[in-house]
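Engineer: The chain contents come next:
Number of protein chains: 2
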Amino acid sequence: MAIEQLGEIVKDIHPYITAIHLREKQKTARELFQTVELLTKNNIPLSKIMINDRADVALVLGARGVQLAFHSLDAASVKENFPQLRIGSSIHSYPEGLKAKEKGADYVLYGHVFQSQSKQGKIPKGLEELKKLSNLDIDVIAIGGITPDNTRQVLQEGANGIAVMSGVLEARDPLVAVKAYSKALNKGGE
Amino acid sequence: MAIEQLGEIVKDIHPYITAIHLREKQKTARELFQTVELLTKNNIPLSKIMINDRADVALVLGARGVQLAFHSLDAASVKENFPQLRIGSSIHSYPEGLKAKEKGADYVLYGHVFQSQSKQGKIPKGLEELKKLSNLDIDVIAIGGITPDNTRQVLQEGANGIAVMSGVLEARDPLVAVKAYSKALNKGGE
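Top to bottom, those sequences are chains A and B. Okay, so the first sequence: first residue is 32 according to our numbering, each after it adds one. Okay, so the second sequence: first residue is 32 according to our numbering, each after it adds one.
Keep in mind that a hint or two might mislead.
Remember, identical chains collapse to one label, so a pair may be satisfied in a single copy or spanning two.
[Said to hold, decoys possible] Simulated pairs of lysine-lysine, BS3-like, Cα-Cα distance not exceeding 30 angstroms: (1) Lys218 <-> Lys163; (2) Lys56 <-> Lys150; (3) Lys42 <-> Lys72; (4) Lys72 <-> Lys130; (5) Lys134 <-> Lys72; (6) Lys132 <-> Lys72; (7) Lys58 <-> Lys110; (8) Lys132 <-> Lys42.
Since the hints were derived computationally from the structure, they do not count as laboratory data.
Please model the complete structure; the sequences and the hints are all you need to start from.
Structural biologist: As structure tokens, then:
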């Protein structure tokens, strides 16, 4: 997706979401910086922007935080050196979640829960592990194949929130889609 | 080059060099971290290690600094947010050198000066631009095709130091090679 297109979509939907995670792994630091500049020009608050992997880029921009994967720096090292940043750890199992909590991550991004477009052919992790994770004292954001229809189930299994890619960005009308998710989330919280 | 082999070479040669610039662009943050750990296990001081592009990795490791390229974060932003780090900017012309100085880089890495193995087919930048750069009030490290034989000429044209890749790492005996460079550097400084 072109940066400009992303900017247009996010401009409309950001009031309905708590965070935008820039996952662009192929982008250089300079390109990431420029992407975030374009988002902030579209009135998207820095406090909602999470940067993938690069704590330095997040710090320089004043973004909300950094999303760490297996190939990233250790969450404990990032927390110690970048206390300003909110730290998310991407995990795929309960043991990884436990480790992330011990390392001081502020939340975990767990998935993929269901079959999803971006993980085609890979077996989804399912809801059982999510339930186990919900017993850890850390926020769990579920990702992967989440639709407005199954959002409530995901929350009932213990997720504190959801993350969505194609469900919003590839929707015919992203604003309509994000509102449908928002409605499902609020119902689930009742 | 395998990390272990690099560790073995650097263990021998580091007393003769002032900095090791880890250029591994394909390495993840985690791999860079592990590479530096291996170097420090081989008694190579962190104060000699410069990390490519990733200020976050340099900070977390306590390395000497970060080497920034065009695709990296802006030198001024890095300097402001990472005052602990020494900042080098990779440049290819006098105007780029001027900009790097204005942005607060601690030194510039200028090249490639001569034909070099790693820039085959590209026209070298030559010594004239180096002479101009030497009039800027910033350290200029020359890179590209530098041999013990032409080191003195490079210093005479105004370089404050040299950086070498294949001339040492691909030498039959890297220690002999680095001593030859060291000798040429000391002669040049007389």
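Engineer: Each of the hints needs a verdict: does it hold here or not?
Structural biologist: Here is what the structure says about each hint:
1. Lys218 <-> Lys163: within (23 angstroms within a copy, 68 angstroms between copies)
2. Lys56 <-> Lys150: The answer is both: 16 angstroms in one copy and 26 angstroms across copies each meet 30 angstroms.
3. Lys42 <-> Lys72: This pair counts as within: shortest intra-copy Cα distance 9 angstroms, inter-copy 49 angstroms.
4. Lys72 <-> Lys130: The answer is between: 25 angstroms across copies meets 30 angstroms, while 37 angstroms in one copy does not.
5. Lys134 <-> Lys72: between (35 angstroms within a copy, 24 angstroms between copies)
6. Lys132 <-> Lys72: Close across copies (29 angstroms), not inside one copy (35 angstroms); limit 30 angstroms.
7. Lys58 <-> Lys110: both (24 angstroms within a copy, 22 angstroms between copies)
8. Lys132 <-> Lys42: So Lys132 and Lys42 fail the 30 angstroms test inside a copy (33 angstroms) and across (37 angstroms) alike.
Of the numbered hints stated above, the single one contradicted by the structure is hint 8.
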